[in-house]
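Colleague: Listed below are the residues making up each chain.
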Amino acid sequence: MTRVIVCCGVGGTGKTTTAAALGVGHAVAGQRVCVLTIDPARRLADALCLDQLDNTPRDVTLDGVAVADGGSLDALMLDRKSTWDDVIRRFSPSEDAADRLLDNRYYRAVSTRLTGSHEYMAIEKLYQLVQDGRWDVIIVDTPPTEHVLDFFKSPERVSRIFDRSVMSMITQPGGGFFGSATKRVGRVLRRLAGESVMNDISEFFSLMSALSGGFRARAKAVGELLASDRTEYYLVARASAPERNDILGFLATIRERKMKFAGFLLNRVATAPARGRTWTAKELPRPKGTKVAEWEAWVAAFNAHNEEVVRRADRHDAAARRISAAADGAPVWRIPELTDGVNSLARLAELGRFLPPNKAV
Amino acid sequence: MLIITGKGGVGRTTVSAALGLAAGRAGKRVAIVELSGMANLPPLFGLEGRSFAPRRVAQNVDILSMTALECLDEFGIRKLRLTALVRMMMRSRVVQAFLDAVPGIHDLLQMGKLENMLSEPLAGDPIYDLMVLDAPATGHGLTLLAAAKSMREMTRVGPFAELSKVIEDFLADPEKAGLVLVTLPEALPVNESLELRAALQRDGTDLQAIVVNMVERAPLPATPNWTKARAALSKVDDTDLQALADQVGKAVERNGNQLGVLDELSAAIGDDIPIHRLPRIGHGSIDPTELAELRELLGALGAS
Numbered sequence: 000m001t002r003v004i005v006c007c008g009v010g011g012t013g014k015t016t017t018a019a020a021l022g023v024g025h026a027v028a029g030q031r032v033c034v035l036t037i038d039p040a041r042r043l044a045d046a047l048c049l050d051q052l053d054n055t056p057r058d059v060t061l062d063g064v065a066v067a068d069g070g071s072l073d074a075l076m077l078d079r080k081s082t083w084d085d086v087i088r089r090f091s092p093s094e095d096a097a098d099r100l101l102d103n104r105y106y107r108a109v110s111t112r113l114t115g116s117h118e119y120m121a122i123e124k125l126y127q128l129v130q131d132g133r134w135d136v137i138i139v140d141t142p143p144t145e146h147v148l149d150f151f152k153s154p155e156r157v158s159r160i161f162d163r164s165v166m167s168m169i170t171q172p173g174g175g176f177f178g179s180a181t182k183r184v185g186r187v188l189r190r191l192a193g194e195s196v197m198n199d200i201s202e203f204f205s206l207m208s209a210l211s212g213g214f215r216a217r218a219k220a221v222g223e224l225l226a227s228d229r230t231e232y233y234l235v236a237r238a239s240a241p242e243r244n245d246i247l248g249f250l251a252t253i254r255e256r257k258m259k260f261a262g263f264l265l266n267r268v269a270t271a272p273a274r275g276r277t278w279t280a281k282e283l284p285r286p287k288g289t290k291v292a293e294w295e296a297w298v299a300a301f302n303a304h305n306e307e308v309v310r311r312a313d314r315h316d317a318a319a320r321r322i323s324a325a326a327d328g329a330p331v332w333r334i335p336e337l338t339d340g341v342n343s344l345a346r347l348a349e350l351g352r353f354l355p356p357n358k359a360v
Numbered sequence: 000m001l002i003i004t005g006k007g008g009v010g011r012t013t014v015s016a017a018l019g020l021a022a023g024r025a026g027k028r029v030a031i032v033e034l035s036g037m038a039n040l041p042p043l044f045g046l047e048g049r050s051f052a053p054r055r056v057a058q059n060v061d062i063l064s065m066t067a068l069e070c071l072d073e074f075g076i077r078k079l080r081l082t083a084l085v086r087m088m089m090r091s092r093v094v095q096a097f098l099d100a101v102p103g104i105h106d107l108l109q110m111g112k113l114e115n116m117l118s119e120p121l122a123g124d125p126i127y128d129l130m131v132l133d134a135p136a137t138g139h140g141l142t143l144l145a146a147a148k149s150m151r152e153m154t155r156v157g158p159f160a161e162l163s164k165v166i167e168d169f170l171a172d173p174e175k176a177g178l179v180l181v182t183l184p185e186a187l188p189v190n191e192s193l194e195l196r197a198a199l200q201r202d203g204t205d206l207q208a209i210v211v212n213m214v215e216r217a218p219l220p221a222t223p224n225w226t227k228a229r230a231a232l233s234k235v236d237d238t239d240l241q242a243l244a245d246q247v248g249k250a251v252e253r254n255g256n257q258l259g260v261l262d263e264l265s266a267a268i269g270d271d272i273p274i275h276r277l278p279r280i281g282h283g284s285i286d287p288t289e290l291a292e293l294r295e296l297l298g299a300l301g302a303s
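Chain order of the listed sequences is V and E. Using numbering that gives the first Met the number 0, the first residue of the first sequence is number 0, and each one after it goes up by one. Using numbering that gives the first Met the number 0, the first residue of the second sequence is number 0, and each one after it goes up by one.
Honestly, I wouldn't trust all of these hints.
[As the list claims (entries may be wrong)] Listed next, the in silico SDA-like pairs over lysine to any residue satisfying Cα-Cα at most 20 Å (straight line):
no.	chain 1	residue 1	chain 2	residue 2
1	V	K152	E	L98
2	E	K234	V	T279
3	E	K78	V	E194
4	E	K227	V	P286
5	V	K287	E	K234
6	E	K175	E	P120
7	E	K148	V	G193
8	E	K78	V	V187
9	V	K287	E	A244
10	E	K234	V	E282
11	E	K164	E	A186
12	E	K227	V	L283
13	V	K287	E	V235
14	V	K152	E	S35
15	E	K227	V	A296
16	V	K287	E	A221
17	E	K234	V	G288
18	V	K287	E	N224
19	E	K234	V	R276
20	V	K182	E	A221
21	V	K182	E	P120
22	V	K290	E	A230
23	E	K249	V	H304
Just so you know, the hints here were simulated from the structure itself, not pulled from any lab data.
Here chain E stands alone, though its shape is the one from the complex (with noise of 0.2 Å):
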C-alpha cells in the first residue's frame, strides 16, 4: 500500500491517480481508495459520486471511495459473522454515535479493510497487487498510526484492539507500506515536510519517496541573464513593459527560490529516499477545462 500524505492543496489527488495508473500500465492490479467518504478521484476519470464498490476506469485500475460504517458493516459480516438482522440493527445511530466518540476508530475501521483487501480477500474480492490511498490533508501517516496506538492505549482486549495490533504492524512494515509524502516547492512546505520525516524517524519509520508537485520551469532563457534584461528594458519609455517587467522578475525570483528550495531538500534528504519531481501543468489550477486536460492527460497514461 502507498499511502499518498501531504497537505491541503498540493496535489495529492492528482498524484494519487498518476501513480496507479502508472502502476495499472505497468501489469500491476491498483486500487486508488479514498476515505470519509471523499469523491475527488471520480471527476478525473469522468465519472459521478461517490462508490463503496470498485469501479474500473482504466486497465487494472479500480477506485474506490469508503466510510467508516461501510467498513464497520464488512467487519461484522467477516470477524463477527454477525446475521443480517443485526447488521441491518447496526446501522442505527446509536452506532454511528458511538463511531463518532470513540477517536480514531474512523482511521482504524478503514484502515482494516483495506489491508483485509490486501491480505486476505475473500472469494469472489478483486484481486489488487497495489493500493494507492489518497490519504486526507489532515491524516498523514503519522495519524493512522496514531489512530492505532491510541486504541491500544484504551484497550488491550477485543477486537478493536487486535485489529490495531494489526494494522501498527502492517503500517510498520516497509515491505507492505509506504508514506509518499506530496510537497510543494516552497520554503515552508518543505521544512514541514522534513519535520515529518524527523518524526517519523523518531517513530522508528520512514517516507518511501517525496514528490515534489508543480515544479516551474523557468520562465525565461538563461541568456542573457534577468539583470541584463531588466536594465535594458528599464531604457524603454512604456509602463505596460515595466508593469509586466516588474511582474516577470518576480516570476523569476520565485523561480530561483524554488530551485534554491530543491537544492535544500536534496541535500537534508541526500541518497535516503528519492524525490521526483513533477512539473506544473496549465499553473496548477483546476478548473473544468483543465480537469478535461488532466483528464485526457490521466487517460493516455491508464491507456497505453
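Chain V on its own, in the form it takes in the complex (with noise of 0.2 Å):
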C-alpha cells in the first residue's frame, strides 16, 4: 500500500527543498520514493538531476549517495495546464467532446489562472501516482499559497465550482423555491461579466457534466486516502518565525478531518557550540601584522558575534518548544542551517539525516 507524506507551509519557508530532502532520505533508508514538486528552483533541480522537467516521474539518480537496498527516488514536476489537459483527454466521452472543451475560453482561464487550480490538480496527478502502484511512497510538496490551509480548502473550492446545481443557478436562472431572488442575482452578474462570458461558462458546464461523476469520484478516493492513517501531513515552517505560518489553524483543520498530523519539520535552526564562553585578546595568539588594539577589538566583536548566536538560538529552541506544546507535544524536526545553499544531491542527503525517518532529536 502506498503511503502519502504531505508537507504543508507558507512560501518562503524552504518547503520544496524539504519535500526533496525527504525523499532522498526516505529512498537513503530503503523506500521506494516518488517527489512530486510543484515549483522548484532552478538549482533544486539541477540537485536532482532534473534537467527535463515535466509532468511524468523521473528516475534521479542516487550517485554518491548510500542507500539501502530497495531505495529508489522518482521526482516530477506538476505542470497544471498539462494535468488539466490531460485528465479532460482521458476522461472525455469523445475525441470532439475534449476538443471543445480544451477550446472553450472559460476552460483556457480556468486550467490556467483559477486560484485553487494549481491544488486541484495537485490532487488529480497524486490519484494517478497512488494507482500506479509503484512506489512505498509519494512525497507531496503543496503549491505556495499565503495560508496554509488553502491547500486543502482550495480543491473544496474548486469541486463546489463542478456542483452543477449552483453553477446552473447562474447560467439558467430561474425556478425553485429561491427562483425569482436567483433569478435577480444572476441577472445581476450577467450584466457585470456579459452574455459572452456567460455562454462560455454555459458551454464549459454543459461539455464537463459528462466529467464531472469521475472529477467526483477521483476527489472522493483522494479526499479517503488523504484522511486515512496511509496519509502523513507535517508542517514545514522557519525557526525564527514558525507561528507566522498560522499554525494554530493548521492543527485546527487536521484535527477536525482527523487527518494523521506527524510533526514539525523546523528549517533553519540556528545552534551555539560555546555557550557561555567568552575568550580574551591575551589568551588568544595575535596574528602577525595585528596591533593590539585592532585584535583587542576583534576579539570583543568575536564574543559579542557568540552572544548574537546564543541568543538566536535560544529563541529558535524556545520557538520550538512553543509549537511542539501547541500541538500536543508533537515531534519537532530541527533542521540547521546549510550556509550555502542546497544545491546537490549530497546536500540534500545531508538534509536528509535530520528529517523523518530519522527520529527528531
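Please dock the two separately framed chains into a single complex, following the hints provided.
Modeller: What follows is the structure in C-alpha cells.
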C-alpha cells in the first residue's frame, strides 16, 4: 500500500527543498519514493538532476549517496495546464467533446489561472501516482500559498464550482423555491460579466457534465486517502518565525478532519557551539602584523558574535518548544542552517539525516 | 499607488508599514492595504483582527484589509446603484460560487476598489494621496496585470470588461502606480528579481524601486582579515573555540556572498531604478518579543 507524506506550509519556508530532502532520506532508508514537486527552484531541479522538468516521474540517479537495498527516487514537477488537459483528454466521452472543452475560453482561463486549480490538479496527479502502485511512499510538496489551509480548502472550492446545481443557477437562472431572488442575482451577474462570458461558462459546464461524475469520484477517493492513516502531514516552518505560518489554524483543520499530523519540520535552526564562553585578546594568539588595539577590537566582536549566536539559538529553541506545546507535544525535527544553499544531491542527503524517517532530536 | 511585491518571507508587510509611515510623516495621507482578508499589518500596530473600514494607526496613516466580496458589494452600490434588497441577495452562496469560478475576478474587484478610492472618492470617503498595497506573495504585479488581461480575453463588454480596462491603464501609468520589489541579498532571490524585471519590461513596464531587505552587517572588523585570524585561532586547543570559529567562518562567507550578490544586482540594474538596502534587525526573526521591538521602531517612524 502506497503511503503519502504531505508537506504543508506557506511560501518562503523552504518547503520544496524539505520535500526533496525527505525524498532522498526515504530512498536512503531503502524505500521506493516519488517526490511530487510544484515549483522547484532551478538549483533544486539541478540537484535532483531534473533538467527536463515535466509532468511524468523521472528516475533520479542517486550517485554518491549510500542507499539501502531497494531504495529508489523518482521526481516530477506538477504542470497544472498539462494535467488539466490530460484529465480532459482521458475522461471526455469523445475526442470532439475534448477538443471543444480545450478550446473553450473559460476552460483556458480555469486551467491556467483559476485560484485553487493548482491544488486541485496536485490532487488529480496524486491520484494517478497512487493508482500506479509503483512506490512505497509519495511525498507531496504543496503549491505556494499565503495561508497553510489553502491546500485543503482550494480543492473543495474547485469541486464546489463543479457542483452544477450552483453554477446552473447562474447560467440558467429561474425555478425553485428561491427562483425569483436567484433570477435577479443571476441577472446582475450577467450584466456585470457580459453575455459572452456567461455563454462560455454555460458551454463549459454542459461539456463538463459528462466528466463531473469522474471528477467527483476521484476527488472522493483522494479525499478518503488524505484523511486515512496512510497519509501523514508535516508542517514546514522557519525556525525564526514559525508562528507566522498560521499553525493553530492548521492544527485545528487537521484535528477537525481526523488527519494524521506527524510533526513539524523546522528549517534553519541555529545552534550555539560555545555557550557561555568568552575569550580575551591576551589568551588568543595575535596574528602577525595586527596591532594590539585591532586584535582587542576583533576579539570583542568575536565574543559579541557568540552572544548573538546564543540568543538566536535560544529563540529558536523557545519557538520549537512553543509550537510543540501548541500541538500536544508533537515532535519537531530541527534542520540546521546550511550556509551555502542546497545545490547538490549530497546536500539533500545531508539535510535528510535531520528529517523523517530518522528520529526527531 | 505603490504595490509592494516579493516572495513569501522577504518582509513585504514590514516594508509596506515602514514606507507608509515614512510617507505619512512627510505629510502625505496614506492608506496601507492588505488584500484577500489578510491581517498581517494589524499586529505591527498593536491591533487585532482585520477591518474593511480604515483604521488610523499613526498621524496621516490608515490601514485596511479587503475581500473580493466586500468590494463587489461596494461596486454594486457605486456602479450599479443596486437596492439594499438586491445587495443583500448578492451576499448569497451563488455569488460566492461565481466569484470562485471566474479566474482573476478577486484581484480585479479589489484593484477596482483601490483605484476608485484614489481617483473618485465619494462624499464622506477618506481622501488619500498615497496607497501602499501589501500584495500577496503569489500575486505580484504580473498577476494583477494578468487578471485584467484575462478578463478582457473572456469578455469585451459589460462593467467587468470596463473595470479591466481601467485597471490595465491604471497599472500601466507610472504616474499612478508603481511596483516596488522586496527581495533578499541572496543569489536565488536576486536572480528571480531580475527575471521578474525582464518580464515586466517585455510587457512595457518596469519596477519603480527594489528594496533589498535583511542585509547583514559584517560580523567582524576588517583587520585582521578572516584567513589570518582563523589561522591564529587554529593554534588554540579549545573545541568550543574551534566550533564557534567554524560557524563564524560561515557567517563571514555569507556576508561576502551577500556583498557579491548586491554588486551583481547593482551592475545589472545600473542607474535605471533605485536600489534600497535595509539592514537585518534582530536576525530577521519576528517572535512576540521582537514584534514589540519592531512595533516600537515603526511607532517612532510614525510618531515623529
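Colleague: Looking back at the numbered hints, which does the structure fail to meet, lowest number first?
Modeller: Of the numbered hints, 11, 20 and 21 do not hold.
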